Amino acid sequence: MADKTTIIVFSGDLDKAMASFIIANGAAAMGSEVTMFFTFWGLNILRKENVKVRKKHWMEKLFGAMMPKGPEKLGLSKMNMGGLGGKMMKWAMRRKNVSTLAQLIEMAREQGVKLVACTMSMDVLGIQPEELIDGIDFGGVAAYLGEAYDAKLNLFI
Amino acid sequence: MADKTTIIVFSGDLDKAMASFIIANGAAAMGSEVTMFFTFWGLNILRKENVKVRKKHWMEKLFGAMMPKGPEKLGLSKMNMGGLGGKMMKWAMRRKNVSTLAQLIEMAREQGVKLVACTMSMDVLGIQPEELIDGIDFGGVAAYLGEAYDAKLNLFI
Amino acid sequence: MADKTTIIVFSGDLDKAMASFIIANGAAAMGSEVTMFFTFWGLNILRKENVKVRKKHWMEKLFGAMMPKGPEKLGLSKMNMGGLGGKMMKWAMRRKNVSTLAQLIEMAREQGVKLVACTMSMDVLGIQPEELIDGIDFGGVAAYLGEAYDAKLNLFI
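Chains as they are written, first to last, in our numbering: chain A, 821 to 977; chain W, 821 to 977; chain R, 821 to 977.
Since the hints were made in silico from the structure, they are not lab data. Just so you know, not all the hints are guaranteed correct.
Which copy is meant is left open, so a pair is good if it fits within one copy or across any two.
[To be verified] Straight line, CA to CA, 20 Å or less: simulated DMTMM-like cross-link-like pairs of lysine to aspartate or glutamate:
#1 881 / 967
#2 876 / 967
#3 972 / 853
#4 972 / 823
#5 876 / 853
#6 893 / 869
#7 916 / 943
#8 916 / 892
#9 868 / 967
All values reported here derive from a predicted model rather than from experimental measurement.
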């Protein structure tokens, strides 16, 4: 199968991020060329845990500090209960030998899934390229649409 | 029209579940072959109200008890206000003769809409097949993708 | 490019509304015929700020008063913090010269993006046509599906 797939990852919730990568990995395993566009809160999935960036407005620093950094820090979209729900979900996943989000991301990269960070969202949220994991691409809405019109399956998550 | 339709029902909110089934029923009425994949919180829409299942880890029982069981118990994604918003929405729907979610589900089944429960989510959330309504199918991401690449309309709700 | 695009705007959150219009405007700029269907909370994006409507049930008035009226009143889907998050987002957008939601809506109209309000949601939420901005269309699920099966890119936001 040579059908292309695109997924806009708008959400930065653990459960929705998991769903995004499970679909992306499944599609890649079936031979589809997959592109994931990370926008708004979805950018948090790609954030490194410890990066110091100079020259940031204090408001951007504050906003950045309030948002989760990377797959280990994300909460659930429902029943998060101050992080407890997320812990229960991770416990259940370990017990059932389901891959963690970090492993799913790694798997996606090994399978050649293209990860694209939305430059406009980065600008608004004050996130700089060096704050995101290495080896990703950067693009805007035109790049997304170019891929989407060429794809068979397009999802917004 | 012979175009296929797939809907991933990730959300277990009353309003999003309603939207999913309204689209599914509309599509089926237009002659489309429709498949709905229920994953994560979306599984709650398919749960029976009273089922005792043995051999469950206490943590799964706790998680299961905290999640709504079936269409009557779902809340709104916004303005739920501890269930009050959901009651107001149901009041408005009755007043305007809009079908309830339970009726929409029944209608979908009568029209031959295929309801598929995501086996991996069931595993993680500790939900067993007998806890879900009868006559549904079970499948994973590969089953979903097989249908989606063959469909004209694919939504993630 | 002559590919059609449809977007169901279910969400009435500022961030998701922004994403919807950024995609719609980008698609229209690339020559796509774009239709946006506003349903449930998404209708709030199209509401005028000051309209008095007679003959409304008090419950509908109450529901209407609790929901935001128009682009200036929407909150964020995450980190809204009683409106503070929304204010921070708007501050960041101004600073980076990103268009406001009101400007994005205006741009969409200038580019001929078709805005359709879902009549069934209007009925349930008790919203009357004169409460929504002028020059939009009205339609139900059949109208949506007619467009979606004809389109190349269909998103649910």
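Hints violated by the structure (numbers, ascending): Hints 1, 2, 5 and 9 not satisfied by this model.
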